[in-house]
Every structure is written in structure tokens, then in C-alpha cells.
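Protein chains in written order, with this note's numbering: chain A, 2 to 112; chain B, 147 to 259.
Just so you know, the hints here were simulated from the structure itself, not pulled from any lab data. Be careful, since some hints might not be right.
[Unchecked claim] Label-pair restraints from in silico Cβ distances:
hint, chain 1, residue 1, chain 2, residue 2, range
1, A, A79, B, E243, 29 to 37 Å
2, A, E18, B, N245, 30 to 38 Å
3, B, R255, A, D8, 26 to 34 Å
4, A, N23, B, E225, 34 to 42 Å
5, A, E16, B, S153, 36 to 44 Å
6, B, K164, A, N23, 38 to 46 Å
7, A, N23, B, P185, 48 to 56 Å
8, A, R94, B, V158, 33 to 41 Å
9, A, E16, B, E225, 42 to 50 Å
[Said to hold, decoys possible] A few chain A residues facing chain B, derived, Cβ under 7 Å:
hint, residue
10, N39
11, G43
12, F102
Note that beta-carbon positions come from the ideal geometry of N, C-alpha and C, so glycine has one too.
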Amino acid sequence: SQQGEEDPQALSIQEGENATMNCSYKTSINNLQWYRQNSGRGLVHLILIRSNEREKHSGRLRVTLDTSKKSSSLLITASRAADTASYFCATLRNQGGKLIFGQGTELSVKP
Amino acid sequence: DVKVTQSSRYLVKRTGEKVFLECVQDMDHENMFWYRQDPGLGLRLIYFSYDVKMKEKGDIPEGYSVSREKKERFSLILESASTNQTSMYLCASSPGEPNQPQHFGDGTRLSIL
């Protein structure tokens with residue numbers, strides 16, 4: 002069963018704008034991870050946030066985690082055309098090592 | 147950098163054939179995973195392995211088996227390929243320590259005719 006649910010399913014913005022993607026999940030987690038997938042390629046890990054963390058930054062990426070609401074958001078600031086990709090959240094449950102992926106947000110950044 | 151290599155980017159097979167998908171990682175990772183990715187369904191875990199000769203069923207193991215004879219190699223086997231196994235197959239690996247990300251190969255797009 003799918004744990005993470007991304008919102009929106011698709012997002013189209015202009016270069017330079019910020020992009021925000023949200024992820025909700027249902028059960029307790031150990032950590033939440035965001036991945037990026039370019040068309041026809043494998044997934045690339047972006048950032049991991051543990052259940053006891055509330056915010057994490059990496060370059061132009063900012064991830065927040067609200068365990069009380071069982072939700073996370075990924076913010077990409079000053080977007081570029083090269084950010085065009087699908088973005089997935091994945092949760093690691095407290096028991097076991099299996100990641101559960103959402104269905105992803107398709108981000109299109111227009112030059 | 148971690149490299150996860152899948153043997154084929156594209157593969158076309160016929161119904162009923164036995165199909166082998168190979169995956170090799172070069173970072174001595176304990177954990178290895180096989181997923182399939184389909185439009186509207188996201189990534190679904192088929193099988194995973196925490197150690198050599200060890201395997202665990204994922205969410206959709208039916209019609210598949212796996213083999214892990216060496217730490218660096220994890221093979222996915224379609225015992226008798228069917229058209230509903232046409233999909234993108236992704237292999238991943240991760241270290242055995244907790245709170246580590248998975249590293250993915252570029253995928254194999256498999257078509258069963």
C-alpha cells in the first residue's frame with residue numbers, strides 16, 4: 002500500500018520561481034526521504050529528514066517535517082529549467098527497512 | 147560515488163520466457179532492492195535482501211524470484227514472463243546502518259510481447 006501521497010500531482014512554474022511540493026503519510030516513521038527522477042532514469046536521493054528533525058536545508062532545497070500532521074514539504078527556491086523532473090517522497094517505517102514511496106509530483110520549470 | 151549498474155537499459159522478451167535482470171553495486175552495501183515502476187502506481191517493492199543468500203518478499207513478489215549469491219550482485223528472475231510484467235524495473239542498494247538513503251540504478255525498461 003502507498004504510504005506517502007504527494008500533492009500536487011503536477012506543477013508548472015517559470016524559471017526563478019519557488020516550487021513547493023507536499024507529502025502526507027499515514028503511519029509512524031523513522032525518517033522521510035525525498036528523491037528526484039529525471040525522465041527515463043533512476044531515482045536520485047536529495048535529502049533525508051529524521052523523525053526528530055523539523056527542518057533541513059541542502060543548497061536550494063528546504064524540507065520540513067511535521068510529525069503531528071504526518072506531513073512534509075519540499076521547497077525548491079529560485080527554480081531552474083534543469084529542476085524539471087518528478088519528485089518522490091519515501092517514508093521508512095519504524096519497523097523494518099522498507100521504504101514506501103508516494104506516486105510523485107511532476108515538476109515542469111519553463112525557461 | 148556509489149554506482150548501481152543494471153545490465154540492460156532496454157529489454158524485449160516473449161511471453162513464457164525466463165528473464166534475468168542483473169544489478170551490481172560497487173559500494174559494499176548490505177541492502178539491495180528490486181522495484182517496479184508503473185504509471186499511476188509509483189514504485190512498488192518486489193523483493194529485497196539484507197545479506198548474501200538472504201531474501202525477503204516485498205509487496206508484489208508473485209511471478210518473481212531473486213538471487214543474491216554475492217554481496218555486490220542481486221538478480222531478479224521472471225520465472226515465466228507475462229505481458230503484465232511489462233514495466234520499468236529499478237534496482238537500489240543502501241548501507242546496513244540506519245537512516246541511510248537508497249542509491250538507484252538507471253532502470254531496465256522491460257517489454258514482454
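Original post:
Going through the earlier hints one by one, which of them does the structure break, listed in rising order?
Top reply: 7, 10
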